[in-house]
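Chemist: Make a model of the complete structure from these sequences and hints.
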Amino acid sequence: MPSGFDQLTKLQTLSNFVIGKGDGHLIRELKNLSNLRGNFRLSGLENVNGRDAREVKLNEKPGIDGLELHWSTDLENYTRKKEVEEQVLDVLCPQKKLEQLIIENYGGAKFSSWVADSSFKNLSSLKLYNCKNCKSLPSVGRLPLLKDLSIIGFHEVQKIGVEFFGENELKPFASLEILSFESLPNWKEWDTCGGDEKVLKFSILREISIVDCPQLLGRLPTHVSSLQKLEILTCTSLVVSISSFPSLCGLRIEGCAELVDDCSSSAKEVSSLQILSLSNISKFNIPVDRIKLRFGNSEHFRICGWKELESLSQHGLSLIGHRSIAVWCCPQLHSLETEEAELQPDKVSRVESLWIYSCERLNRLPKVLHELTFLTVMNISGCPGLVSFAKNILPPNLKKLEITNCKNLEYLVDEKEDNKSMNSTLCLLQDLEIQMCPCLKSLSSKGHKNICNQLQLLRIRGCLKLSCLFSNTKLPTTLKSLDIDRCPELECIAQEFDETACLESMLIECSGIKSLPRGLDKLIHLQEIRLRECSNLVSIEERGLLTVATNLRAFSVDGCGNFGALPKCMVSNISLRKLCVFNCSADISFPSESFPANLTSLDISNAPKIYRSLVEWGFHRLTSLQELTIGGGGCSNVVSFPEEGIGMMLPPSLTFIGVLDFENLEFMFSEGFQDLASLRTLRMVNCPKLSSLPEKEMLLSLGYLYIYNCPLLEEECSSDKGREWSKISHIPRVRIVYKNVIPRESD
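Under UniProt numbering, the first residue of the sequence shown is numbered 1, with each subsequent residue one higher.
Hints are not guaranteed to be accurate.
Below, simulated SDA-like cross-link-like pairs (lysine to any residue); rule was C-alpha separation at most 25 Å, straight line [stated by the list, open to error]:
no.	residue 1	residue 2
1	K292	I178
2	K57	N105
3	K609	G634
4	K171	G161
5	K81	E55
6	K480	C580
Because the hints were derived from the structure by calculation, they are not lab data. None of these values were measured; they are calculated from a predicted model.
Modeler: Written out as C-alpha cells, the structure is:
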C-alpha cells in the first residue's frame, strides 16, 4: 500500500490493507483510522512484527463489524516464525462488538486467548482456515452468540475434546446453528462428551458438515434433537450413526466405514428425510423397517457405489414416495424392484426424474414404467445389460429422455407384445438424446409412431448399426432440431418432410447418407443446415430449397468429398448469413457469377473454383462480411493475399481474417487491407513460404495475431531483430505456434 494512510483520518471504507514484503512498518499508519467501519481485511501479516502490529489498535475502531486477518499460504517459508505470528495475533485484538471474524493461514502453534473470549458477545460467525501448525482448537464453545463455525485445514490436530467446548462451560455452543470441519487429515478422535455427559451441548445445532477427515474414528455428537442436515464426505474410517438425530431431513454421506440407524429411538420421534445422498459406504447396517421409516418418502433420493445393492426393494425402497431418484455405480443392481408387479391403486409414484448411471447388470426397467405418470425426465447411462428401454409404451408425460453408452440397446421401445392401448396412449416426449449405443437398430421394433409425435429435439450420436430412423414415415411435425452424428450405417432419415413441419436446425454427420428426405421446400422454418462427413452425399434436391432459401441463415457442408454442387437458389438468398464449404469435391463451384450479398461469415477451404470466382467477382462487394476464412488447397498459383495483380480489396466490415493452407503464398498485399478499421483478429496457418505481413498502418486495430506453421514468418516475427517485428510490436496479443507443437482446440 502507498504511505500516507495515517492522514486519511475520516476514511470509513477500506476493504483490504495489504502489507508488502519489507513494508511491515506501514501497518502503523492504521492507528489514526478510527472511523473505519463495515468489513476490514489485513493482508500480508507474515511481513509484520508484534511491535508494529501493536500500533494498529483495532480495539479502538468500534465501527468494524467484520475482520479478516490474512497471512500468506507459504507456511513452510523459513523466514516465518511461529512466535512472531503468535505475538502479532495477540496484539490485533479487535473491539468487543465484532460480528464476524476470519483468520487465514496463521502460522502460530496456538491461538490467542481473545479469539474465544466470551466477552465477544456479538460474534456470530467464525472461520479458521489453514492454520496448519495449531495442535488444538480455541475454546470457541464459550462464545454466547456464535451461529456459524468453520474449521478448515488443521493438519496437526489429532483430538478435539474439552478445550473445544470450554472447560466448566455449562451450556457450550448455546447459539451454534452451523458447524463445519474440513481437511483435518490427522484428526482421529472427537470427544463430544467433553468430560461431562450432563452438559447440554449444541442445543440448537441445525447443520454438521465433516469433509476429508480420513482418520476420524470418534463418534458424532449424541442427542442433537435439532439437527436437520448432516454431511459426511471422505471420512473413510468413520462409523456414522443417525439414530440420535430425530429431526434430520437432509443426509449426504460419501465415503464412510459404516452407516448405522438402530431402533433405540421411538418411531414417533423420527422424521422422514427430504434429501438423501449415499455414496461409497463400506457397510450398510440399517434394518429394512428403519429404512422405510427414514428413507421411504425422501423427496430427493441418490445412491452411489453401493456394491451389494441388487434391487431397491431388497432394502425396503421403491419408486413410490420420491420426486427424484438417482442410482449410480451399483454393479450388482439388476432391477429397480424385486417383484415386477403393477403399482397398487392407492399408491401412486410421485417420481419426476430418474437417473441411472453405470449399473452393469441392470437388464430391465420396471414393467410399470408407463404408469409413472409424473415422470418427465429420465437419464440412463452405462447400462450394457439393457436391450430395450421400455415395453410397448413410454411414460405418458415423459418430456426428456437421454440414453448414453448402453452398448447392447437395440430398440427404444420393444413392441413384441400386442398391446391394444398403444395407439390411444400418446407420449409427450419432447427431447430425445441417444449417444454411443452401437447396437441400436431403430427407435421402435415395429415402427410405432406415437413415441415421437411430440418430439422437438432429436439427437443421435455414435449408433453404429442404426440404418433408418423413420422407415416409410415422415419426421415428427413438431421436431425443431435434428442432430445425427457418427451413425455410419444410416442411409435413410425418413421418406419425406411433412407439410406442417417445424424443423429449424438440421445437422447430419453420417457417411452412409445418400440423400435428404423429400420435401425440403416444406420446411419454411428451417434456418440452419449443416452437413458434415457425408461422403456419399452428392447434392441437395434443388427444387426443395427454393422455399427454404427465404429463411435459411446458415449453410455448411464440411468433409463431404463427393458433394459437387451448391444449390443455385443460394445466390438470391437475402437471409443467408453464414456459408461454409470445406473439404468437398475439388470441382465444387458456386452456381453463378454472383454470391449472397448479405453474408456475415464466409469459410471457403480446399475449393479452388469457388475461390477463383470470389476473386473475380470481388470480395469487397460482400459489404456485410465480418468473418472471412480462406483455405488455399488447390490454389498453387496464389503468391499474395489479397491478390496483387488484380487490385483485390477486402470489405471494410471485416473483424476476423483467417488464411490457411496456401502452399506458395509469399506475402500479404497491404493495399488490399486498406480501410479495415474494424479488424481485430488475423490468423495465418500452414503457409510455408509466407514471409511478409501487411504494413503496420494496416494492422493498427488488430488485437490478436496468430501464426501457426509458417516458418519464414515465424522467424521474422519472433524477436526485435526480425524484419516484421516493427509491424506487430503494438499488437496486444501475439501467439506463434511452431509446427511440432499441437495447437489447442481454442487456437
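Chemist: Next, verify each hint and record whether it holds.
Modeler: Structure-based check of all given hints:
Our distance criterion of 25 Å between C-alpha atoms is broken by K292 and I178, whose separation comes to about 28 Å. For the hint pairing K57 with N105, the CA-to-CA distance comes to about 22 Å; that is within 25 Å, so the pair holds. As the CA atoms of K609 and G634 are separated by approximately 9 Å, the hinted pair is consistent with the 25 Å bound. At most 25 Å may separate the alpha-carbon atoms for a hinted pair to count; K171 and G161 meet this at roughly 15 Å.
With a CA separation close to 20 Å, the supplied pair K81 and E55 stays within the 25 Å bound. Distance restraint check for K480 and C580: the Cα-Cα separation of roughly 22 Å lies within the 25 Å cut-off, and the hinted pair is therefore satisfied.
Going down the numbered hints, you'll see the structure goes against just number 1.
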